[in-house]
Amino acid sequence: MRPVRNLLACVFLVVASQALALIETYDFSSPELEERYQQLSEELRCPKCQNQNIADSNAPIAQDLRKLLHQQLEAGASNEEILDYMVARYGEFVRYRPRFGGTTVFLWLAPILLLLAAIGVLLATLRSRSTKVGDKGTALTEQEQARLQSMLDKTERDS
Amino acid sequence: MGPRLKLFLPLFLFALLALVLFRGLFLDPSEMPSALIDRPLPAFNLPALGGAQQLSRDDVTGQVALLNVWATWCVSCRVEHPYLQQLAEAGIPIYGLNYKDSDEAAQGWLDELGNPYRLTIADREGTLGLDLGVYGAPETYLLDASGVVRYRHVGVVNEDVWRTVLEPMYLELKKGAVAP
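First to last, the sequence lines map onto chains A and B. Quick note: the first sequence uses our numbering, first residue 24, plus one each step. Quick note: the second sequence uses our numbering, first residue -8, plus one each step.
Everything labelled a hint here was simulated from the structure, so no lab data went into it. Remember, it's a predicted structure, so these values are computed and weren't measured experimentally. Backbone N, C-alpha and C fix where the C-beta goes; we use that ideal spot for every residue, glycine too. Hints may be right or wrong, so weigh each one.
[To be verified] Now the in silico label distances, taken between C-beta atoms and shown as ranges:
1) A:Arg28 x B:Ala96: 39 to 45 Å
2) B:Arg115 x A:Leu138: 48 to 54 Å
3) B:Pro(-6) x A:Phe129: 29 to 35 Å
4) A:Gly99 x B:Pro159: 42 to 48 Å
5) A:Ala147 x B:Asn149: 52 to 58 Å
6) B:Ala96 x A:Leu137: 51 to 57 Å
[Said to hold, decoys possible] Computed list of lysine-lysine pairs in DSSO-like fashion (alpha-carbon distance at most 27 Å, straight line):
7) B:Lys91 x A:Lys90
8) B:Lys91 x A:Lys71
9) A:Lys90 x A:Lys71
Could you put together the complete structure from these sequences and hints?
As structure tokens, then:
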């Protein structure tokens, strides 16, 4: 039993050290700072690996930015200051939630505009459908009415 | 719109979408404009590679020049190096920013492959790299005579990039710098 246990201990040690190597840990002076760290690192985009935030990425640049984020939070910077600092260096690109204004106006307004357009199309379609039902076009002319009556009379007679 | 034309609406939309997506095939999403364009090179105070000298912003500005971010751990930098050497021999001022590297390795590289740089800034911690918004070596910045960043190229500078992108801007800036 002992060799097995030793072997298992070795395996766990190796696994554990790998996990440590992957994501570094930071000590925060308050839980509030740690929460903001989590929130900001998920909101900042890694410039190198563009579809990951810096919390998920293990690229060297993401590690640097996490370190910087930790330093700035401990130094008492506000979220706004930190984001401004990052944007001044890496552009609006680093924010997964870009600020409103300039070229991002379309980005922010597009969903609302598309929704309004969809509602517009829906209303127009519904309106044209409802007017069609009461439309003169579907009502029978006098001639047709007379023909219908004669056909009905005929069927009545036959039965 | 006539009812007939309305039937073609999905086709038109499809054509529009296809056009946009087709254009997208030839765009490089990893190419980002630098946030520093038309802004002055950030101030710094860092040691020169292989010397006790401290370098600051004034040491690398004053003329139209290239600032090349490189490191010995960067494979593409090795690819780029011979062409930078050629540019330097043609008289283009190039400054180096050795990014997050060890001085010994960097010095060894320059001794072995040649040194195209007028000066090399040793940015061991990557602090200037951070201020520049560097996200991967090699990157090359085009500085005008007053030290304002005019362009950033991410990736290898080769003959094609130099001839089609950097050189026209370089010559334009040089003309502007001499005229007034």
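Each hint tested on the structure:
1. Between Arg28 of chain A and Ala96 of chain B the Cβ separation comes to about 44 Å, which falls inside the hinted range of 39 to 45 Å.
2. Taken as a hint, the range 48 to 54 Å holds for the pair Arg115 of chain B and Leu138 of chain A, whose Cβ atoms sit roughly 52 Å apart.
3. Distance hint check for Pro(-6) of chain B and Phe129 of chain A: the Cβ-Cβ separation is about 32 Å, which falls inside the suggested range of 29 to 35 Å.
4. For Gly99 of chain A paired with Pro159 of chain B, a C-beta distance near 47 Å keeps the hint of 42 to 48 Å intact.
5. For the pair Ala147 of chain A and Asn149 of chain B, the beta carbons lie near 56 Å from each other, so the given range of 52 to 58 Å is met.
6. Checked against the hint of 51 to 57 Å, the pair Ala96 of chain B and Leu137 of chain A passes, with Cβ atoms roughly 53 Å apart.
7. At most 27 Å may separate the alpha-carbon atoms for a hinted pair to count; Lys91 of chain B and Lys90 of chain A meet this at roughly 15 Å.
8. Simply put, Lys91 of chain B and Lys71 of chain A have alpha-carbon atoms about 16 Å apart, close enough for the 27 Å limit, and the pair holds.
9. With a C-alpha separation of about 16 Å, the suggested pair Lys90 of chain A and Lys71 of chain A falls inside the 27 Å cut-off, and the hint holds.
No hint from the list above goes unmet by this structure.
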